[in-house]
Amino acid sequence: MNFSELFKLSGLLGRFSPDGRCLASCVQYRLVVRDVNTLQILQLYTCLDQIQYIEWSSDSLFILCAMYKRGIVQVWSLEQPDWHCKIDEGSAGLVASCWSPDGRHILNTTEFHLRITVWSLCTKSVSYIKYPKACQQGIAFTKDGRYMAVAERRDCKDFISIFVCSDWQLLRHFDSETQDLFGIEWAPNGCVLAVWDTCLEYKILLYSLDGRLLSTYRAYEWSLGIKSIAWSPSSQFLAIGSYDEKVRILNHVTWKKITEFEHPATITNTKTIVYKEVEKSPSVETERLSFPPTRALASSLFSTQSKYNIPNAVWIWDIQKLKLFVVLEQLCAIQSFQWDPRQPRLAVCTGNSKVYLWSPAGCVSVQVPMEGDFQIVSLSWHSSGDSMVLLSKDNFCVCYLEREEVK
Amino acid sequence: MNSQVLRLPLPSSKSMHSFFSAFCTEENIEQSISYLNRELTTLGFPSIYAESKGKELNLVSIINCMNELLVLQHKNLRAQEEVEMQHLKLGSDMDHLQNCYAKLKEQLELSKREIVGLQERDRQLQSKNRNLHQLLKNEKDEVQKLQNIISSRATQYNHDMKRKEREYNKLKERLHQLVMNKKDKKIAMEVLNYVGRADGKRGAWRTDKTEARNEEEMYKVLLSDYEQRQKQLLVENAELKKVLQQMKKDIISLLPPQKQKPKERSEDGPVLSDLEEDIGELNKENMWELSCETVREQLTNSIRKQWRMLKNHVEKLDNQVSRVHSGALNEKDVISREDHELETEKLELEIQQCKEMIKTQQQLLQQQLMSPCDDDTTLLLQDCYLLEERERLQEEWRLFREQKKNFEKERRSFTEAAIRLGLERKAFEEDRGAWLKQQFLSMSTDYKHSENVTTPSSDQDNRLPKSTSQQRKPHCMLSGPVSAEPCQTSQYITHNSSSAASKKPTGDSKSNQWVESDKEET
Numbered sequence: 008m009n010f011s012e013l014f015k016l017s018g019l020l021g022r023f024s025p026d027g028r029c030l031a032s033c034v035q036y037r038l039v040v041r042d043v044n045t046l047q048i049l050q051l052y053t054c055l056d057q058i059q060y061i062e063w064s065s066d067s068l069f070i071l072c073a074m075y076k077r078g079i080v081q082v083w084s085l086e087q088p089d090w091h092c093k094i095d096e097g098s099a100g101l102v103a104s105c106w107s108p109d110g111r112h113i114l115n116t117t118e119f120h121l122r123i124t125v126w127s128l129c130t131k132s133v134s135y136i137k138y139p140k141a142c143q144q145g146i147a148f149t150k151d152g153r154y155m156a157v158a159e160r161r162d163c164k165d166f167i168s169i170f171v172c173s174d175w176q177l178l179r180h181f182d183s184e185t186q187d188l189f190g191i192e193w194a195p196n197g198c199v200l201a202v203w204d205t206c207l208e209y210k211i212l213l214y215s216l217d218g219r220l221l222s223t224y225r226a227y228e229w230s231l232g233i234k235s236i237a238w239s240p241s242s243q244f245l246a247i248g249s250y251d252e253k254v255r256i257l258n259h260v261t262w263k264k265i266t267e268f269e270h271p272a273t274i275t276n277t278k279t280i281v282y283k284e285v286e287k288s289p290s291v292e293t294e295r296l297s298f299p300p301t302r303a304l305a306s307s308l309f310s311t312q313s314k315y316n317i318p319n320a321v322w323i324w325d326i327q328k329l330k331l332f333v334v335l336e337q338l339c340a341i342q343s344f345q346w347d348p349r350q351p352r353l354a355v356c357t358g359n360s361k362v363y364l365w366s367p368a369g370c371v372s373v374q375v376p377m378e379g380d381f382q383i384v385s386l387s388w389h390s391s392g393d394s395m396v397l398l399s400k401d402n403f404c405v406c407y408l409e410r411e412e413v414k
Numbered sequence: 064m065n066s067q068v069l070r071l072p073l074p075s076s077k078s079m080h081s082f083f084s085a086f087c088t089e090e091n092i093e094q095s096i097s098y099l100n101r102e103l104t105t106l107g108f109p110s111i112y113a114e115s116k117g118k119e120l121n122l123v124s125i126i127n128c129m130n131e132l133l134v135l136q137h138k139n140l141r142a143q144e145e146v147e148m149q150h151l152k153l154g155s156d157m158d159h160l161q162n163c164y165a166k167l168k169e170q171l172e173l174s175k176r177e178i179v180g181l182q183e184r185d186r187q188l189q190s191k192n193r194n195l196h197q198l199l200k201n202e203k204d205e206v207q208k209l210q211n212i213i214s215s216r217a218t219q220y221n222h223d224m225k226r227k228e229r230e231y232n233k234l235k236e237r238l239h240q241l242v243m244n245k246k247d248k249k250i251a252m253e254v255l256n257y258v259g260r261a262d263g264k265r266g267a268w269r270t271d272k273t274e275a276r277n278e279e280e281m282y283k284v285l286l287s288d289y290e291q292r293q294k295q296l297l298v299e300n301a302e303l304k305k306v307l308q309q310m311k312k313d314i315i316s317l318l319p320p321q322k323q324k325p326k327e328r329s330e331d332g333p334v335l336s337d338l339e340e341d342i343g344e345l346n347k348e349n350m351w352e353l354s355c356e357t358v359r360e361q362l363t364n365s366i367r368k369q370w371r372m373l374k375n376h377v378e379k380l381d382n383q384v385s386r387v388h389s390g391a392l393n394e395k396d397v398i399s400r401e402d403h404e405l406e407t408e409k410l411e412l413e414i415q416q417c418k419e420m421i422k423t424q425q426q427l428l429q430q431q432l433m434s435p436c437d438d439d440t441t442l443l444l445q446d447c448y449l450l451e452e453r454e455r456l457q458e459e460w461r462l463f464r465e466q467k468k469n470f471e472k473e474r475r476s477f478t479e480a481a482i483r484l485g486l487e488r489k490a491f492e493e494d495r496g497a498w499l500k501q502q503f504l505s506m507s508t509d510y511k512h513s514e515n516v517t518t519p520s521s522d523q524d525n526r527l528p529k530s531t532s533q534q535r536k537p538h539c540m541l542s543g544p545v546s547a548e549p550c551q552t553s554q555y556i557t558h559n560s561s562s563a564a565s566k567k568p569t570g571d572s573k574s575n576q577w578v579e580s581d582k583e584e585t
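So the sequences go chain by chain: A and B.
Here the first sequence stands for residues 8 to 414, where the numbers follow the numbering used here.
Here the second sequence stands for residues 64 to 585, where the numbers follow the numbering used here.
Just so you know, these hints were derived from the structure itself, not from any lab.
Ideal Cβ positions, reconstructed from N, Cα and C, are used throughout, including at glycine.
Be aware that one or more of the hints could be misleading.
So these bits of chain A aren't anywhere near chain B, every CB distance computed over 10 Å [what the hints assert, rightly or not]:
| # | residue |
| --- | --- |
| 1 | CYS92 |
| 2 | SER168 |
| 3 | THR266 |
| 4 | LEU329 |
| 5 | SER360 |
| 6 | VAL375 |
Using 25 Å as the maximum straight-line C-alpha spacing, the simulated SDA-like pairs for lysine to any residue come out as follows [unchecked claim]:
| # | chain 1 | residue 1 | chain 2 | residue 2 |
| --- | --- | --- | --- | --- |
| 7 | B | LYS467 | A | TYR407 |
| 8 | B | LYS272 | A | TYR407 |
| 9 | B | LYS233 | A | HIS180 |
| 10 | A | LYS264 | B | TYR289 |
| 11 | B | LYS225 | A | LEU231 |
| 12 | B | LYS233 | A | ALA103 |
| 13 | B | LYS283 | A | LEU213 |
| 14 | A | LYS164 | B | ILE213 |
Only part of the chain B face toward chain A is listed, based on derived beta-carbon distances under 8 Å [to be verified]:
| # | residue |
| --- | --- |
| 15 | VAL206 |
| 16 | LEU209 |
| 17 | ILE213 |
| 18 | ARG229 |
| 19 | THR273 |
Using the sequences and the hints, build the whole thing.
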């Protein structure tokens with residue numbers, strides 16, 4: 008494992024490009040694009056104000072930099088460094104900005120969620136989407152980038168609109184039976200949309216692509232409900248994490264619960280391995296949900312973290328056997344974790360200068376050899392799984408992993 | 064009283080005399096004799112006179128009478144003793160009974176008191192129970208009340224939320240109107256040039272046709288997903304059916320067709336034959352490709368039937384085994400235990416023999432390998448060793464090459480760093496030289512000729528065109544000899560520094576300038 012030197016960073020904005028060749032990072036109002044392997048600066052762009060958000064386009068040719076205070080989005084091109092584009096929302100203000108899946112349209116959410124403006128980089132056309140819902144995950148794109156679902160709210164009722172991304176035509180518009188929609192997410196196969204309600208009500212609705220309600224699931228009433236959900240990469244399972252410290256798994260055939268996982272403070276089953284981080288020993292020993300990508304034969308694991316009561320542990324569950332596989336107990340609260348995009352390997356960071364890796368073969372904790380304080384707050388894998396970027400408040404560094412040869 | 068009674072029959076010898084002499088004296092012998100005779104005759108004894116009205120005494124009868132009287136006296140004494148004994152016994156019995164009575168009375172009192180105590184406790188517990196029930200009811204009522212409160216509050220909050228949301232929406236509408244009305248020229252996008260679409264096609268107008276096409280696309284996506292799922296399910300189904308068929312065959316093979324009693328056979332006769340027919344039908348290959356309801360049902364029903372038969376069979380066997388254990392043998396159907404054991408022993412022996420054989424064969428094989436082999440095998444072995452060595456060497460070569468690459472990289476970075484350092488140093492020197500020159504010039508403007516001043520700068524100017532043409536190289540080729548480059552680059556730097564003399568050249572800004580101007584050039 009090699010670590011690069013520290014580079015400056017602001018706003019935890021360090022992202023790998025989707026094609027895996029470049030790494031973009033922000034320092035105040037500058038956008039620095041580096042080569043992934045040598046970390047040499049390929050491009051340097053200067054924006055008009057402090058950058059609050061950056062996003063790569065899907066073809067890795069453009070980067071958008073959003074400055075919410077000024078209400079400006081600037082787009083830079085990697086092929087032509089002198090190409091520039093500035094979108095000024097003016098008095099409408101800017102709250103969020105993102106790319107469309109084809110990498111040629113930018114969706115800006117204006118202040119107070121008044122509307123979403125779709126700016127096109129190819130034509131002079133501008134589209135507006137009215138009454139978008141002000142919630143955490145109000146816009147969702149399908150994995151193949153064909154359709155976009157937008158949550159809307161009119162007259163105190165929630166609606167969902169499905170647009171075709173190629174020409175932004177409204178395909179379906181239907182009302183959602185939620186009290187106060189909290190989030191929407193497409194299944195990876197692009198045919199089912201999961202819609203879940205505010206945490207005051209435990210309700211998740213599953214709609215088909217053409218707007219039909221496929222199923223509703225309610226686990227219980229009155230207590231606080233859903234925190235977050237995650238689809239399995241094959242779209243066969245839907246994991247729902249809730250405030251009662253349980254994860255429930257639904258299957259895609261009947262949309263009924265097949266099992267629920269508890270996160271007790273003490274684990275009684277002797278077959279689960281608990282990795283506990285101990286001060287000196289080098290082995291380390293996980294409601295955020297994430298599934299790793301499934302290989303053809305590997306047993307699917309997914310990890311959950313209960314932020315409510317036990318924020319120091321990551322639970323890793325085996326889906327094939329439907330039971331708890333491993334628990335990683337850390338000394339400090341876990342800041343973030345992410346699965347390797349290629350293999351079942353989990354990277355965890357807890358706000359100190361160590362990065363923890365877990366794989367079914369074992370656990371390892373690596374101290375980042377930096378002088379001074381480097382408190383890793385977030386991390387993200389490279390798409391090849393060979394490296395990852397570790398972000399702290401003011402700096403970032405890239406960690407290169409040796410690839411094990413598969414014999 | 065007892066003591067009084069006892070004293071009487073044993074008077075003292077003295078008193079005996081006096082007693083006896085009191086009754087009969089020398090004077091009244093005749094009277095006493097006649098008195099005695101009268102008494103005896105009244106008692107039923109014969110007279111003591113020899114003849115009636117005579118004065119002669121019958122000695123014999125007198126002695127007999129005396130004997131009789133003594134015997135009687137003894138008898139009476141004995142009777143008296145017995146009576147006294149009985150009396151004593153009865154007395155003690157009475158004492159005993161009185162004691163018992165007293166104790167029982169005490170016990171009765173105790174029990175009565177206990178009963179009273181227990182009753183009291185029972186009453187207390189019952190009242191406690193009632194209290195708890197009451198509490199439970201109260202709690203339940205409270206819970207119900209709270210739930211009602213919660214639901215009513217929830218509806219209230221919802222109403223409030225809706226009201227606030229409506230207000231908020233109104234504000235938003237108003238704001239939206241204001242924003243739209245303002246017609247900001249500011250809300251715009253300025254872009255250098257429009258970019259082509261990602262897929263290279265031209266944009267199309269939105270028409271009904273496109274709408275229809277989108278719908279079609281969407282349905283296609285959904286359909287393909289469903290088809291895929293259906294295929295998966297079909298495959299799963301076919302596998303499961305195969306497994307069921309296999310299971311059926313296994314079950315049929317397990318069921319004992321011959322060992323049945325004639326009675327049973329006659330009973331199950333029709334059933335069996337039906338089953339056999341079914342089995343025959345369903346075993347036909349084409350049947351399991353049909354997936355209609357009836358075939359499925361038949362399959363599952365037949366499996367269930369056979370499974371039940373197998374279960375019964377196994378249960379029967381179990382019973383038989385237990386019967387054998389308890390000793391009641393039914394020799395027709397049961398393999399006796401000894402036979403069973405014999406068979407197992409035989410099988411074990413066989414297994415042992417086979418194992419030994421395998422071991423000996425393995426040993427022989429190893430010996431074969433270890434023994435000096437002929438030329439072919441030695442050559443092969445040598446080849447193997449060589450291959451191994453070659454692979455190892457290749458591995459080491461690979462590592463070596465990797466290390467070499469790493470070293471190259473490091474060397475390159477070092478040279479870059481060295482170049483930079485050299486450049487910076489040169490720049491610093493130049494600056495210092497320039498500064499000194501300026502100082503010198505400023506100090507002695509009278510002395511120096513203008514030519515001297517111009518010659519260095521003209522030299523610089525002359526050399527500039529060359530340097531500008533060559534300045535691209537240092538940025539591209541950073542490897543290579545260090546000495547050749549710096550002079551050209553240093554010229555470039557002096558050009559920069561002299562042109563921007565106001566800025567104080569620090570290391571950082573120098574590199575920034577370098578980079579920025581570099582950007583401008585490229």
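Evaluated hints:
For A/CYS92, the non-interface assignment is contradicted: its Cβ lies about 4 Å from the closest Cβ of chain B, within the 10 Å cut-off. Listed as a non-interface residue, A/SER168 keeps its Cβ farther than 10 Å from every Cβ of chain B; the least gap is roughly 13 Å. Every Cβ of chain B is farther than 10 Å from the Cβ of A/THR266; the closest lies at roughly 20 Å, confirming the non-interface assignment. The claim that A/LEU329 is not at the interface with chain B holds, since no C-beta of that chain comes within 10 Å of its own (minimum 18 Å).
Once the 10 Å rule is applied to beta carbons, A/SER360 is consistent with being away from chain B; the minimum gap is 25 Å. Distance check on A/VAL375: its Cβ is at least 21 Å (rounded) from any Cβ of chain B, clearing the 10 Å threshold; non-interface status holds. Between the alpha carbons of B/LYS467 and A/TYR407 the distance comes to roughly 19 Å, so the proposed pair stays at or under 25 Å and holds. Distance restraint check for B/LYS272 and A/TYR407: the Cα-Cα separation of roughly 51 Å exceeds the 25 Å cut-off, and the hinted pair is therefore not satisfied.
As the CA atoms of B/LYS233 and A/HIS180 are separated by approximately 23 Å, the hinted pair is consistent with the 25 Å bound. Annotation: proposed proximity of A/LYS264 to B/TYR289 holds, straight-line Cα distance about 21 Å (limit 25 Å). Distance hint between B/LYS225 and A/LEU231 is fulfilled; the C-alpha atoms sit about 20 Å from each other, no more than 25 Å. Taking the CA atoms of B/LYS233 and A/ALA103, the gap is about 22 Å. The hint holds against a cut of 25 Å.
With a C-alpha separation of about 19 Å, the suggested pair B/LYS283 and A/LEU213 falls inside the 25 Å cut-off, and the hint holds. Among the hinted pairs, A/LYS164 with B/ILE213 is consistent with the structure: their alpha-carbon atoms are about 23 Å apart, no more than 25 Å. Hint status for B/VAL206 relative to chain A: violated, with the closest Cβ pair at about 12 Å, above 8 Å. Interface restraint check: B/LEU209 against chain A, minimum CB-CB distance 11 Å, threshold 8 Å, status violated.
Of the supplied interface hints, the one on B/ILE213 holds, with its beta-carbon coming within about 7 Å of a beta-carbon of chain A, less than 8 Å. Hint status for B/ARG229: holds, given a least beta-carbon distance of 6 Å to chain A, under 8 Å. About 6 Å separates the beta-carbon of B/THR273 from the nearest beta-carbon of chain A, less than 8 Å, and the hint is met.
Hint violations for this structure: numbers 1, 8, 15 and 16, all remaining hints satisfied.
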